[in-house]
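Trainee: My request is simple: use the sequences and hints to build the entire structure.
Here is what each chain is made of, one letter per residue.
2 protein chains.
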Amino acid sequence: MTSKKASPFRLLLLGYGHVARALLPLLAARDAWLARELGVRPLISGVGSRSQGFFIFPAGLDVGSLVQESGPLMSLQPPGTRVETAEAFLYAGKSVGADVLIELTTLNPLDGQPALDHIRMALQTRMHVITANKGPIAYGLVELQKLAHAHDAQFRFESAVLDGLPLMNLSEYTLPAVDIQAFRALLNTTSSLVLSMIEEGQSLDEALARAQQLGIAEADPWHDLDGWDAVMKTTILANTLLEGHLLPHMVERAGIRDLSPDEVRAAARSGTPIRLVSQARRDRDDVIASVHPQRIQPDDILRVGTGMTGIISLETGAMGPITLVEHEPTVQQTAYGVFSDLVNIVRRRQGS
Amino acid sequence: MTSKKASPFRLLLLGYGHVARALLPLLAARDAWLARELGVRPLISGVGSRSQGFFIFPAGLDVGSLVQESGPLMSLQPPGTRVETAEAFLYAGKSVGADVLIELTTLNPLDGQPALDHIRMALQTRMHVITANKGPIAYGLVELQKLAHAHDAQFRFESAVLDGLPLMNLSEYTLPAVDIQAFRALLNTTSSLVLSMIEEGQSLDEALARAQQLGIAEADPWHDLDGWDAVMKTTILANTLLEGHLLPHMVERAGIRDLSPDEVRAAARSGTPIRLVSQARRDRDDVIASVHPQRIQPDDILRVGTGMTGIISLETGAMGPITLVEHEPTVQQTAYGVFSDLVNIVRRRQGS
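Quick mapping for you: the protein sequence lines, in order, are chains A and B.
Each residue of the first sequence is one higher than the one before, counting from -8 in the numbering used here.
Each residue of the second sequence is one higher than the one before, counting from -8 in the numbering used here.
Wrong hints could be hidden among the right ones.
[Stated by the list, open to error] Here are the in silico distance ranges between beta carbons for each label pair: (1) B:E197 <-> A:W213: 53 to 59 Å; (2) B:E254 <-> A:W24: 44 to 50 Å; (3) B:D53 <-> A:H240: 55 to 61 Å; (4) B:H140 <-> A:E319: 49 to 55 Å; (5) B:D277 <-> A:D290: 57 to 63 Å.
Read the hints as simulated data drawn from the structure, not as lab findings.
Keep in mind the model is a prediction, meaning the values are calculated, not measured.
Where a beta carbon is used, it is the ideal one built from N, C-alpha and C, also for glycine.
Mentor: This is the structure we're talking about:
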């Protein structure tokens, strides 16, 4: 095993839901690759979640052993050192040498808390941070980027929006040359799915139940249907791709709650199905953004995205439109986005 | 002007056609941005072309003054020092401090020469190289990358394939995480345009004449219609995105020359228009690639690209398909790709 020679790269996992559980086997499977290409071997310094408690592993836990563990965190062998709060978890993690906080707690669309505070604390202790949580980025992007810079740490969030598409990498490496002026996008798959089921004759309640059954809709589907999820993503994209300084409440918002099934079906029959469109545009030194239902015309490139597809079409200053499409995103893709952030952190740290 | 404090970044332009003439105003317009963001000020150390001769400017020529110059290179004031050959031009350029060779000569699909030799020479003298010329990359990618690495120089070619899409950046920054297994693409706009005109009732000759009038088709349109242009691009993508080691003659090739207009029209009428499809797939340690006409089914994502659109759909190991679309590419986009390479060279040189 080449991994014997690799130096440890210590991870602190905060949030232990679907994404974390998809990330671990992915890391384990790429053990040899990480050792060979980057010279690192990931070790878990701690895992914590509000429901299961917060556990620190001072010597570092092998990723593989955590993959095999299907029981609760409490019953891990050898047991971790339990701490009481997320704050204590972060400080204890730092004290045992954690390099990166991987923040995977659930979205709070009101103010991004407590994830925002977790990320602040981690950056202040010079830990790098990866998050897939839209809240803290939508509310604190500029502040967190400054904080990261001041503490010589990296802050990455590739999987927060359109997980499957490397939009943040695009923004980082090609934005200056491309000069993005505006975008239009379908960012919320649940609302697309629900609308297409209504078009096929189901009621809103039936469609919602089915989406939850499929594991697509959140526990509270109104985050999706009222446009809050899309607003978070639109804010993040407006602030990264268009260099805006928006907060979520500055994004004009209308959801699909008040659309009547008849209206939805009539629009689809006439060849212009309704979808929840996110859009943003530079306007002098400002950015104007909105999320609202729109009829998608047959020649609209967003038409490709009316199934279970995420799509974004960028209008660029001198290059015309560029469109990126991801098909039927799953939690695997979110985990992959986190993995790619990890790779980029190691690479940049090494200056390669 | 902030540019006063910026340090000179010296460019050697080899090839003085449409792309070079689109690049210069773009550089001039971004003078302040380059000084502010990167601390550099581009200066022209030399410009040369086979038809107009090779000229060196030892003190460096201001980009703006070259933009305003519409006459032949010979009549530039103050005049450059004329040298006889491209080789002499490269060495003289190096001796006056050129940092980057921007190679924009025309495609030679047979062996990529003489561009391949120009790039070798430049890298050996530790100049960075940017090219938009597919030939040298299709024939010499691995060798040129090794050469660049050995001489601590950078070799970049973002605009060689689907100029408007940052595919090479994607490959460089996200390939390891994304694990691309295969791609399908429409890479040659001329053949798409000619086929769509035949579908509308024109003859092949009429369609060709129109494409040339529009400035889309090359002087020799058979590079496009026989699939050579697509083969070059497919080779490059197979070797970068899929880490293959193909040479152009290893790509199975069939063009659209032998399709009858009736066949083309019948296919379009039945809802499955014919387009020249590039595809490649990993196969154990190898990559298999082809370029040939295919009927595009209604539910095929490539369907989006049947107009004047370039499109590539990537099949990734764990993330499902990702599709990128560019709309009606022009020479502006090629120039932008070169500019983005330049930005990345400066950034990487600075280790940022």
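Trainee: Could you tell me which of the hints above the structure violates, numbers in ascending order?
Mentor: The structure breaks hints 3, 4, 5; every other hint is satisfied.
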